[in-house]
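Visitor: The sequence shown maps to residues 4 to 226 in this note's numbering.
Keep in mind that the hints were calculated from the coordinates and are not lab data.
Because the structure is a prediction, the values reported are computed rather than measured.
Beta carbons: idealized from backbone N, C-alpha and C, even for Gly.
Among the hints, a few may not be true.
Derived BS3-like pairs: lysine-lysine, alpha-carbon spacing no greater than 25 Å straight-line [as the list claims (entries may be wrong)]: (1) 215 to 54; (2) 199 to 149; (3) 104 to 22.
Per label pair, the in silico range of CB-to-CB distance [claimed, not checked]: (4) 103 to 189: 31 to 39 Å; (5) 18 to 190: 24 to 32 Å; (6) 221 to 112: 19 to 27 Å; (7) 56 to 14: 32 to 40 Å; (8) 105 to 14: 23 to 31 Å; (9) 42 to 182: 18 to 26 Å; (10) 214 to 169: 18 to 26 Å; (11) 169 to 26: 33 to 41 Å.
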Amino acid sequence: MQVNMKTSILSKNDKEAQKLREHFKQFGLFVVNLMSSPGSGKTTLLESLAKIDSNFCVIEGDLQTNRDTQRLWAAGIQAIQISTGDACHLEAAMVRESFLKLQSSITPQTQFLFIENVGNLVCPASYDVAAHMNIVALSVCEGDDKVLKYPTMFLCADVVLITKADLMPHFSFEVSRVQDDLRQLKADIPLFLISKNQQETLQTFYQYLISKKEQGYVSSHTF
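Could you put the whole structure together from the sequences, leaning on the hints where they help?
Guide: Listed below in structure tokens is the structure:
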């Protein structure tokens, strides 16, 4: 008998994710899976959002060190670190174990749980972490050609963020190319241009998240 190990692993993860969804319901949190390549600005985004409203918590995934978690703590954000060793993604069981340690710090005012996934445009797209929304960030510095190079990642996105938007004058980056490539993969999805130096862009994005939480949005993507 031949067993497809990848299918077996993903099936186990899906079962863990379903249990985790039920657990999240107890806290009324809107859970966001934040994915991107390393250095695209995920942690900076969370630091910036905390200046608008710090009523959220974070599960931070990295291979090694807790440097990003230390940054979040310094910004007054409740956060917990997952160090994956050599694993290039987070899995539902990892998230569940960390959330059990984090949940005592959650208050009735806590609105969001951000899962900052390991920086990678490949592996995280295959693993369900029980999020209501999957967000993919793409920085201006990375170039505008990534959507069709990494289709699996962008196919799972409910929202795409173009980060470091204030640097656009200094790079050859066409937002229209990103939009066109996204349309080739799937129907139009929300796209936001954001920058830590442009507060209004962060306000617009954060209000969007609040509206989706109030609507009870749940991603239709199946991992």
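Visitor: Against this structure, judge whether each hint is valid.
Guide: Going down the list of hints, with the structure as the test:
1. 215 to 54: holds (20 Å)
2. 199 to 149: Satisfied, since the Cα-Cα distance of roughly 22 Å is no more than 25 Å.
3. 104 to 22: Given that 25 Å is the threshold and the Cα spacing comes to 17 Å, the pair holds.
4. 103 to 189: 31 to 39 Å: holds (34 Å)
5. 18 to 190: 24 to 32 Å: With Cβ atoms ~29 Å apart, the hint holds.
6. 221 to 112: 19 to 27 Å: holds (22 Å)
7. 56 to 14: 32 to 40 Å: Between residue 56 and residue 14, where Cβ atoms are some 37 Å apart, the hint holds.
8. 105 to 14: 23 to 31 Å: holds (26 Å)
9. 42 to 182: 18 to 26 Å: For residue 182 against residue 42, whose Cβ atoms are near 23 Å apart, the range 18 to 26 Å holds.
10. 214 to 169: 18 to 26 Å: Distance hint for residue 214, residue 169 holds at roughly 25 Å.
11. 169 to 26: 33 to 41 Å: holds (39 Å)
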